[in-house]
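K.L.:
What follows is the residue order along each chain.
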Amino acid sequence: MKEKTLRTLSWGWWLKNLVTNKNNLYTIIAIVFTLLIIGVLNNTLDNYQIRIFNLCAIYIILALSMNLINGFVGLFSLGHAGFMAIGAYTCALLTMSPEVKQMNFFLKPIVPWLANVQLPFPAGVLIAGIMAAVAGALIGAPVLRLKDDYLAIATLGFAEIIRIVFTNLQSITNGALGLKGLPNTVNVWWTWGIAIATIIFMILLIKGSYGKAFKAIREDEIAAEAMGISLFKHKMMAFVIGSFLAGVGGALLGHLMGTIDPLMFRFLLTFNIVLIVVFGGIGSITGNVISAVIVTIMMEILRVLDGKMDFGFIEIQGIPGLRMVMFSLILMIVILYWQRGLMGTKEFSWSWLGKISRRVVFRTKDC
Amino acid sequence: MSLNIFMQQLVNAASLGSLYALLAIGYTMVYGILRLINFAHGDIFMLSTYIAFYAMTSFLLPWYISFAIAIILTILFGILLERGAYRPLRNSPRISIMISAIAASFLIENLAIVIFGGRPKAFPSVPAFSKIISISGVSTSSISVIIPIVTFIVLILLGYIVNQTKMGMAMRAVSKDYEAARLMGINVNTVISFTFGIGSGLAAIGGVMWGLKYPQLIPLMGLMPGLKCFIAAVVGGIGDIKGAVIGGFILGFGEIMIVAVSAFLPYDLSGYRDAFAFVLLIAILLLKPSGIMGKSSVEKV
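From first to last, the protein sequence lines are chains B and L. 342 is the number that the numbering used here gives to position 342 of the first sequence; each next residue is one higher, with no gaps. 207 is the number that the numbering used here gives to position 207 of the second sequence; each next residue is one higher, with no gaps.
Result set (DSSO-like, lysine-lysine): computed pairs, CA atoms no more than 27 angstroms apart in a straight line:
1. L:K288 - B:K233
2. B:K147 - L:K288
3. B:K147 - L:K242
4. B:K346 - B:K233
5. B:K147 - L:K176
Keep in mind that the hints were calculated from the coordinates and are not lab data.
This is chain L alone, in the form it adopts within the complex (with noise of 0.2 angstroms):
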């Protein structure tokens, strides 16, 4: 492998590695105010997708619009979700809860093939992103660049938005005691759905983003993509921003270095590329159940 090579590979796991950390956000986050995994998370980032790419082709808007118009509905579509499958079921057993989250998945991705069509349609390339641009010998589509960088300022902008905004000490304060909060006379329902708003305005970030990289739409697009940033969000500890994003980040490079790797070896390797996120995460579970950040809680009797 020579050194150009290597470059390319690096630039696209940090592109990889980018969306998989918008993605592991929005389950991080709810997950440290609801203790629930959002099973739909994947799908949700897979409907902005689809949003996105009907509004560019059907309704023929300029990109920056669908872009727009898809992040919105899908934060509205976030916040309805959690309205109807997780709300009426806040005080239920877990297993519940969990199972409510499978079936809402279960219900989009079926309502996705019946709507959308099961079969993969090409998302349109946008002549701004689609360039290819060398630096250095090292040569890559510019969507491949953008994506860490767009991830960098919204990153920078959550930071904000959590440390520095009344809405997020309340989310923080929420997150570390559900009960104490609502005490304190914060509106938890509120703060819930300003949760799934931003989480979902994330993966809808993302989401543009993937179809932009990766131009293939199918209904099931969100599976596994979905599962994966769940692992990164439990490797980096979960309920922990900067966790999620480090968890990310180590799936992106991680998949992209097996298939990079994998044209040395005499066994190809490249086929057991989804498997790492799996064996990373029970590797994880077993040495450090609370994540790379995450602090390791006491049961308390």
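The shape of chain B in the complex, shown without the other chains (with noise of 0.2 angstroms):
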């Protein structure tokens, strides 16, 4: 009782707290401006620019859900690829036409119930998003009463165990066939609108008190156990909710690329996320969507590497797959040298730029 008069105080003085503060402000003002900044771009790249744009807000999307159970609560899980797929699964099948489903079900049938449903784009999406909850539900009962490595394999087994139960169920996903021609909804209004959401959802999240008892769990269990927070409960929403958002971020990668396959959600993807996770700080929201971005577009530059590479005077004939290896190497210096990664668990605020504005104004006064 006490403690939800509590929780009803902080978000009252929080509602208030955002229309007299002055942060708050910036915050809506610089949201606007981003908006703004997505419009434009929207009109001025290119198919291929425009398409890693939205990928880069998708890996924002799948890179903070990461972010949430690893980096917050401390629980190593790399299961994202199996919830992503579900999430691509999911919603495919209920967008996709009955026709185009005729087309793509020709070894074997589609089960009669899914044959003609089509569903609108955010119903999709948002079906996905309960389904890859329920399965990360189902999943993190059992599995999050262990511990560190186990819990890490556990998962990793699970994402492997729906990857292979969607090769094998030729009638409901069309097997290793994989699914083509998704309808192509994704535009960036959609992927950055549910990137902002998702960041400022994650802000308000761990600002408030469930933030503070998932920093408790990740320091000290024990501790955090003995001053009442309970354990479990919070686990499992911090996976459920990390599982939501990797099925709505699976939902748009499907539709981004168009296809979709059982192979395409192999540990590879999940590396992916780890990758711009640690690289940009494990606990940090803010690093976290910088190095989304960051990783996103090195992962195309870096496409170079593959191809034919001329210099003008040296012409060096490409190797396929040293993009990977440099990617490997990058993950493997930072977690050697620079564990903090990007920001560490430092988070971007107003009063930091201030501080940060304040000192260079002060110290140009000095001279």
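Assembly of the complex is requested from the two constituent chains, each provided in isolation within its own frame, with the hints serving as guidance.
P.N.:
Structure (structure tokens):
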């Protein structure tokens, strides 16, 4: 009872804060400004660049969802690819038109209860997230009792099981053939809209009482439990929210690519997200957003390595696969020599920006 | 299923189980000492197969020399891996070490794709191992029989090293209590290098035999066996060598039997063969997290 009033009090305080605090005004201005930039970029970038731009937003969503589980609660989960697969397949099967489905399922007809379903894209994405969250809850209930590496290997195992099941359920997922011709409904407003919503949600969640509980669990589980924090409830909550976001990210990714198959959701996909989270700083929202954008763009730029390189005076034959070698090396170097990543556990805030700018101003005045 | 086919499957299961056991021992020994899942162990296994392949095809060496070279180089590589990727992080949080292990694994895999090429290669067949032998109607290739025998011999040797030699005693001491072992004057770094060497050596022995039994090499061939053998180690009770062997055999028999039994079922289960290990893992983690042979430990505050 008391806990509840405290929470409503803190929410009320937060609402009042939103209206009166200057920082929130800055935030709103920043969001509007970001939306403007997105609008401008949407009109100036070519098709290929817009695709990468979309990919950045999707990786922001995925990185934040992994960061919530791994960074804030300190549960090392490697099951992201599995939840993404669930989201991608759910959304694809719900939004594809009956004709396209019939064309896809030529080896074995689709099950009747899915054959004629066609929902609008937003409903598909939402249900994709919910399905992934349900899977997260079902998996989390038994697995979250485990710790550290056991948890990692168990979640990894679940992701593999999901992939293998999807490969074998010929009449629901079309097996190894995958699904082609997903409706091309993803645009920058969808991806960046959801990404910005995710960022805001994460900030509110982490700043609130739940975030404090998450961090307490990360720092010391036994102490947190002794302080009356329900370990299972909070771990489960983070895991389910993380799975939901992974499902949404997977759905968006599937629709952006236009085709999905089980091989897409291998461990490699999880590895990419781990790379982003580690590079940005495990436990920093700001760091993850920045590193998601950097890593996604870098991945595209480094494609040069796979192709032919022409430096004018020397021409190097491209070596396919060199890009991934570079990426593994970068992750290796970051984890060996620069464990904090870009931001460590620090976050961007307006007061921090103010402090920096004041310092700069004072220094110039001194001179 | 006639008795003959069943016996054949049994031989197959025994050889697959042996290979899994050899790999699982590497995981369990490293985990016992460093509390680290050596994600790159499967890739070390892959490397050994490729080294043997190149020694036989490019350098045209006889098979016994090639296999010896493969095993020695793999041991060296395993020791180097520990120096490069794990030693600098010895005192870091466990998540960092694990991420380093994952990164090392991906680095080796991607390097292998660049160096060896992504196309599958055929492991050369060695006449001595590819003979078809038949014992009272059960016919099988000789390698399927040789694998369990070699494994048995290797296990006896390993048992001797761990239980009878000074180094083995040091290994057991370090795995019991890292700090105390160091205080008693044991050179922990040497012991850890030695452990990685033995683990990689066993993986290499498994790797060349794997190449003879399943002669298709791809750079990612270590990924699945690697994960499965870690599971075998967990099922048997991680840190326990006997447990790893038992886990490896359970996994080998389970997988082969799923394929064998699905011939009688209305629904073809053989596609779920790879899922068996993971289902087994989750079952064992829920029922007895310390594994079949493991002792349950009490968490101290």
